[in-house]
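Q: Using the hints, position chain W against chain H.
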Amino acid sequence: MDIYSNGGPEVSIRSLKKDSMKFVLTNTDLSVANALRRVMIAEVPTMAIDMVEIETNSTVLTDEFIAHRLGMIPLTSFDVDRIQYTRDCTCTLYCPNCSVELTLHVKVNVDYDDMNDPTIDKTRQVTALDLITSDESVKPVSDDKAHPILIVKMRPGQEIKLKCVAKKGVAKEHAKWSPVYGVSFEYDPYNRLRHSHYWIEEDEKLEWGVSANAAEETPVDPNEPFDYNAKPDKYYIEVETSGCMKPEEVALRAMTIMQDKLGGLQIKLDDEFKEDTQRWGY
Amino acid sequence: MSASTAARMDLDEDQISIDNEKVTIVEGTMIEPQCATFCLKDEDHTLGNALRWTLMKNPEVDFASYSIPHPSEAKTNVRIQTSDNTTAAEAMVKGLDDLSDLCSHVIQTFQMELAKGEFEYDEEENAF
Numbered sequence: 083m084d085i086y087s088n089g090g091p092e093v094s095i096r097s098l099k100k101d102s103m104k105f106v107l108t109n110t111d112l113s114v115a116n117a118l119r120r121v122m123i124a125e126v127p128t129m130a131i132d133m134v135e136i137e138t139n140s141t142v143l144t145d146e147f148i149a150h151r152l153g154m155i156p157l158t159s160f161d162v163d164r165i166q167y168t169r170d171c172t173c174t175l176y177c178p179n180c181s182v183e184l185t186l187h188v189k190v191n192v193d194y195d196d197m198n199d200p201t202i203d204k205t206r207q208v209t210a211l212d213l214i215t216s217d218e219s220v221k222p223v224s225d226d227k228a229h230p231i232l233i234v235k236m237r238p239g240q241e242i243k244l245k246c247v248a249k250k251g252v253a254k255e256h257a258k259w260s261p262v263y264g265v266s267f268e269y270d271p272y273n274r275l276r277h278s279h280y281w282i283e284e285d286e287k288l289e290w291g292v293s294a295n296a297a298e299e300t301p302v303d304p305n306e307p308f309d310y311n312a313k314p315d316k317y318y319i320e321v322e323t324s325g326c327m328k329p330e331e332v333a334l335r336a337m338t339i340m341q342d343k344l345g346g347l348q349i350k351l352d353d354e355f356k357e358d359t360q361r362w363g364y
Numbered sequence: 005m006s007a008s009t010a011a012r013m014d015l016d017e018d019q020i021s022i023d024n025e026k027v028t029i030v031e032g033t034m035i036e037p038q039c040a041t042f043c044l045k046d047e048d049h050t051l052g053n054a055l056r057w058t059l060m061k062n063p064e065v066d067f068a069s070y071s072i073p074h075p076s077e078a079k080t081n082v083r084i085q086t087s088d089n090t091t092a093a094e095a096m097v098k099g100l101d102d103l104s105d106l107c108s109h110v111i112q113t114f115q116m117e118l119a120k121g122e123f124e125y126d127e128e129e130n131a132f
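Those protein sequence lines, which keep their order, are chains H and W.
In case it helps, this note's numbering puts the first sequence at residues 83 to 364.
In case it helps, this note's numbering puts the second sequence at residues 5 to 132.
Just chain H, same shape as in the assembly:
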């Protein structure tokens, strides 16, 4: 089959870090590489706070402001397969099978001895580390303990008490569920195929330097004729995750999700059109 011309797609990993991965995908069509990119960004499920029940909030931020900030906190989601989508769950609102509860309760007491001393910083920073999870596998991503994600700053006398419900979801619904912070996707660094039209002031070469990926390709000879049949076949992809799961996991899951979509369609097609085709005598 033609799809496997030259032995089919090849993957070559260039670097793998805790939250980023560079790899090169070769021998396949742009549409396949782009499908992988799109699934990684928008269709790999993760956990994120989706519902917030606020009991007390005397901070300077409004309830909805805090609820929004909580939603954006990345939660570790390597065990997300164990959790169901709430819409598929048999429960009425949410339950441990389809959600994880996180609670936050911070009260800053007034210390009358220090109250009038301006040299003491009385601001209490409420961060993602203050969230207490009901499930150890789903907790705020905290790589940098010295700089945790800030939720709100509080002064003495203020209190915040709330319950968050984290649910499984995909970024197609809301970007907070995206496992990646960015996916860089490049092909044809020398613009041999002329897919890019650079905005320039005077000199294209001067104003648009070649990327690091160009080291793997041969420069374009200015005298060579334009090959209008040429197709891209080498894709330089870098995935940077939010820390919710490993980058290689995101890529592998993305391909599996693609397969699931195709599998689902195949089943539906079989059911729907078997009779139709038989009627036509095939």
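Calculated directly from the structure, the hints in this document are not laboratory data.
Hints should not be assumed to be uniformly reliable.
Stated by the list, open to error - The list that follows gives simulated cross-link-like pairs (lysine to aspartate or glutamate, EDC-like), each with its CA atoms no further than 20 Å apart:
| no. | chain 1 | residue 1 | chain 2 | residue 2 |
| --- | --- | --- | --- | --- |
| 1 | H | Lys245 | H | Asp217 |
| 2 | W | Lys79 | H | Asp342 |
| 3 | W | Lys98 | W | Asp66 |
| 4 | W | Lys120 | H | Asp352 |
| 5 | H | Lys235 | H | Glu299 |
| 6 | H | Lys350 | W | Glu25 |
| 7 | H | Lys350 | W | Glu117 |
| 8 | W | Lys45 | H | Asp170 |
| 9 | H | Lys204 | H | Asp217 |
| 10 | H | Lys99 | W | Asp105 |
| 11 | H | Lys287 | H | Glu298 |
| 12 | H | Lys99 | W | Asp66 |
| 13 | W | Lys61 | H | Glu298 |
| 14 | W | Lys98 | H | Asp285 |
| 15 | H | Lys316 | H | Glu298 |
| 16 | W | Lys98 | H | Glu354 |
A: Relative to the frame of chain H, chain W by itself:
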């Protein structure tokens, strides 16, 4: 309302969670079995473009394209015209099969590459 839609509604009442509208043939597009426009619900460029490519790789397929008629509707139309040796539905099944095989191939090569470990690796403590 056509009889088939009525039948599907009956199924819904029986609490069967199968999405019966996932794949449909756009009315009036299947003049003969060799040509059809399939309407895929809740699919977009992610699947549409890759599927179009695998369909076109099939030598029996004369024409394959996809379009999203309106951005507010989560629907993708895939048009297939084939030679007399096959049918549009068969070509569709083959296209889906091929793309699925391709995905398994990528997963395999990816896992092999990970197992080989011939890449720059960050020795920092694991996040998990």
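Q: If a hint holds in the structure, say so; if it doesn't, say that too.
A: Here is how each hint holds up against the structure:
The suggested pairing of Lys245(H) with Asp217(H) holds, with an alpha-carbon distance near 14 Å, which does not exceed 20 Å. Taking the CA atoms of Lys79(W) and Asp342(H), the gap is about 18 Å. The hint holds against a cut of 20 Å. With a CA separation close to 14 Å, the supplied pair Lys98(W) and Asp66(W) stays within the 20 Å bound. Restraint check for Lys120(W) and Asp352(H): the C-alpha separation of about 39 Å exceeds 20 Å, so the hint is violated.
At most 20 Å may separate the alpha-carbon atoms for a hinted pair to count; Lys235(H) and Glu299(H) exceed this at roughly 51 Å. Of the supplied pair hints, the one linking Lys350(H) and Glu25(W) holds, its CA atoms being roughly 9 Å apart against a limit of 20 Å. A threshold of 20 Å between alpha carbons decides the hint, and for Lys350(H) with Glu117(W) the separation of about 34 Å lies outside it, so the pair is violated. This hinted pair checks out: Lys45(W) and Asp170(H) have alpha carbons roughly 18 Å apart, not beyond 20 Å.
For the hint linking Lys204(H) to Asp217(H), the alpha-carbon distance of about 32 Å lies beyond 20 Å, and the restraint is violated. A C-alpha spacing of about 29 Å is found between Lys99(H) and Asp105(W), which places the hinted pair above 20 Å, so the restraint is violated. For the hint linking Lys287(H) to Glu298(H), the alpha-carbon distance of about 18 Å falls within 20 Å, and the restraint holds. For the given pair, Lys99(H) sits about 45 Å from Asp66(W) by alpha-carbon distance, which is inconsistent with the 20 Å threshold.
The straight-line distance between the Cα atoms of Lys61(W) and Glu298(H) is roughly 28 Å, outside the 20 Å bound, and the hint therefore fails. Distance check on the hinted pair: Lys98(W) and Asp285(H) sit about 49 Å apart at the alpha-carbon level, beyond 20 Å; violated. At most 20 Å may separate the alpha-carbon atoms for a hinted pair to count; Lys316(H) and Glu298(H) meet this at roughly 10 Å. The suggested pairing of Lys98(W) with Glu354(H) holds, with an alpha-carbon distance near 16 Å, which does not exceed 20 Å.
Figure legend: structure checked against the earlier numbered hints; hints not met, in rising order: 4, 5, 7, 9, 10, 12, 13, 14.
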